[in-house]
Amino acid sequence: MKKNEKTAELQETADDRNGSLLRIENLEVEFHTVEGIHKAVRKVSYEVKMGETLGVVGESGSGKSVTALSVMQLIQSPPGKIMGGKILFEEKDLLSLSKEEMNHIRGNEIAMIFQEPMTSLNPIHTCGKQIMEPLILHKGYSKSEAYEKALQMMGQVGIPIPRQRMKEYPHQLSGGMRQRVMIAMALVCKPKLLIADEPTTALDVTIQAQILELMKILRKEMNSSIIMITHDLGVVAEMCDRVVVMYDGQIVEVCKVSDLFRHPYHPYSEGLICSIPSIGGTRRKLYAIKGTVPSPYEEKTGCSFAPRCQYAKDICRRQCPEMTDLGNGRLVRCWNYRETGNLMETAKESPEGRGKA
Amino acid sequence: MNVLRYLGRRLVFTVFLLIGVTMMVYIISYMVPSDPVVANLSARNLNNEEMVQAYREKWGLDQPVYKQYFTYLNNLLHGDMGTSLRTERAVMEDLKLYFPATLELSIFGILFAVFFGMLFGIISAIKRNKWVDQILRGVSVLGVSVPVFWMALLLLFVFYLKLGIFPGPGRLSASLTPPVHKTGLYTVDALLMGDIKVFADAFKHLCLPGICMGLFTMGLISRTSRSSLLEVLSLDYIRTARAKGLRERDVIIKHALGNSLISVLTVIGLGFGNLLGGMVLVESVFAWPGIGQYAYKAAQNLDFPAIVGVSLLIALNYVVINIVVDLLYCVLDPRVRYM
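So the protein lines, in turn, are chains A and B. Per our numbering, residue 3 is the first one in the first sequence, and the count goes up by one each step. Per our numbering, residue 2 is the first one in the second sequence, and the count goes up by one each step.
With the rest of the complex left out, here is chain A:
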């Protein structure tokens, strides 16, 4: 029943909401540190459509958060610096806006939720005050109007006894409650785009599920687009319409979520899918992508995944592949995408008992 609902929802997404809300084009971000120049984001391009939830997946250091922070222009500078590219939000290039204009967009039209609810709220202001702040700032609400609206928002994100909670300080709330406050704060101005940077990573599993459920409900109510940054493919499967896979500052694959799980084309995506433990079905040895992320300061020739890739050939080490458009919104950055799928096959065919492993 639930599955049907989700398919229906996806269908709707594909059909009705094709206008582009945010388009990132060839974004390049570097960090100039004592150790050298770290190219954290290398010519990243993706788009978020109206009403769509886009997953951005990758391990730590893949540049997924940095890309999102660039959209908000919250990169600490120095050492961070946006070296090139465009970030088009409703066809306006955010990178060319003045500080004032950008402030008007931040928290109002684009809002962000962060990973650490424990440290992302100001300890010396009440939760109520922190939720009211964007309303007073962007919508010109009076204090009492903002109070009522914030109260309503707190109820909407499922905080019990909101009137009491309004007066409380962040340290008096649990992690899950704090994340709800963060969400209330982000959504209170009804932003067109919500960037959620690992919103559930720091939470207990049961709370994670609650927060994801809440975000789904709110997405429907508010009709906002969401960029869901995560390293948890479970979250992607649960929440997203399309997914962008990032590795070492580059996008390696873009596709619909269903396509990613059915047939990932990039060896890295494939590795990710195969390293998800499954409950039920045949027992198999859990797959781990060998090696580690390359040093950010290294000068790279060739595909940066090549050293860890089981399909790697000579050309992979010599020349970095370009994005290949496979049609139907699928893009992949790999010389060997036609050959991938071995891992998935092996995983299916050779079940291995836990005893053996």
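It is possible that some hints are incorrect.
In the EDC-like style, the derived pairs of lysine to aspartate or glutamate whose C-alpha atoms are separated by at most 20 Å in a straight line are [as the list claims (entries may be wrong)]: (1) A:LYS131 - B:GLU249; (2) A:LYS145 - B:ASP251; (3) A:LYS131 - B:ASP327; (4) B:LYS255 - A:GLU170.
Quick caveat, the hints were computed from the structure, so don't treat them as lab data.
Here the structure of chain A is known, so what remains is to put chain B in place on it, guided by the hints.
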């Protein structure tokens, strides 16, 4: 409720602390290889055995030191801090006379230090590593490291002698009569009397020694508030504040400053305590009749009651300041409040 219990606990603690202070001072004075009789009687009287004996008896110096100590404690409990060997006045009276001068100067000094220290610290943090920051950091280091007597002379030389903007040493110009003693703070007393002229003069006299005293603390406050603000500005909730679309100025004023103040407060408290102990060098150069000079002279004369009295006063200052600082923590930081 919580606050009252806290204050009660602190008060009990304070009593023990003060007893400890008296004990320490007595032990140290006893161990000093010197004799108050020698320090206070003239050479001729010292040769006179009867005179020496009479002096010892008069001041209780013929008693064993523990007896002296308990007599002192007993008197202290009855509000009597003893009589100064040097001034021959009750120590309590002396402290009432000298402490207000220091208090007035210290308040001026700490206000100066807090205002400029925080201002410089905040500007430094915002303009981190720019030339403004470098200059202000230089000023702070200078404030901390320049010898205070030299600074006192320099200020007097430039602003009194050469430019004539500020008056010279003393608390008031010779042509004016001091206001009636109510609080002992000339500026406050003058205002209470409604005498603006005396107020202005007393205030002008405060400036140079006050700045001189405050410079060191200003340097400390500026450095602490810079680093504290920079630390706070790198925290997650500041990123949240920026993500809300607040202007950088509001991010700093509404979200960063209050948090960064928490660690600066400690420095301010300690700095103020330090100033209230009196600064002998500044007081000497500016002929300021404060507690520092009084303590210095008491030490020179091995004037035990006065030494213990000043020590008690200084200890009490720190206790009171610490309590105030702790209460301010509660105001600033709800996490402390709800503990």
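Okay, the hints, checked on the actual structure:
For the hint pairing LYS131 of chain A with GLU249 of chain B, the CA-to-CA distance comes to about 18 Å; that is within 20 Å, so the pair holds. Annotation: proposed proximity of LYS145 of chain A to ASP251 of chain B holds, straight-line Cα distance about 17 Å (limit 20 Å). Only pairs whose Cα atoms come within 20 Å are accepted, and LYS131 of chain A paired with ASP327 of chain B is rejected, the gap being roughly 25 Å. With a C-alpha separation of about 18 Å, the suggested pairing of LYS255 of chain B with GLU170 of chain A holds against the 20 Å cut-off.
Hint 3 alone, counting from the list given before, is not met by this structure.
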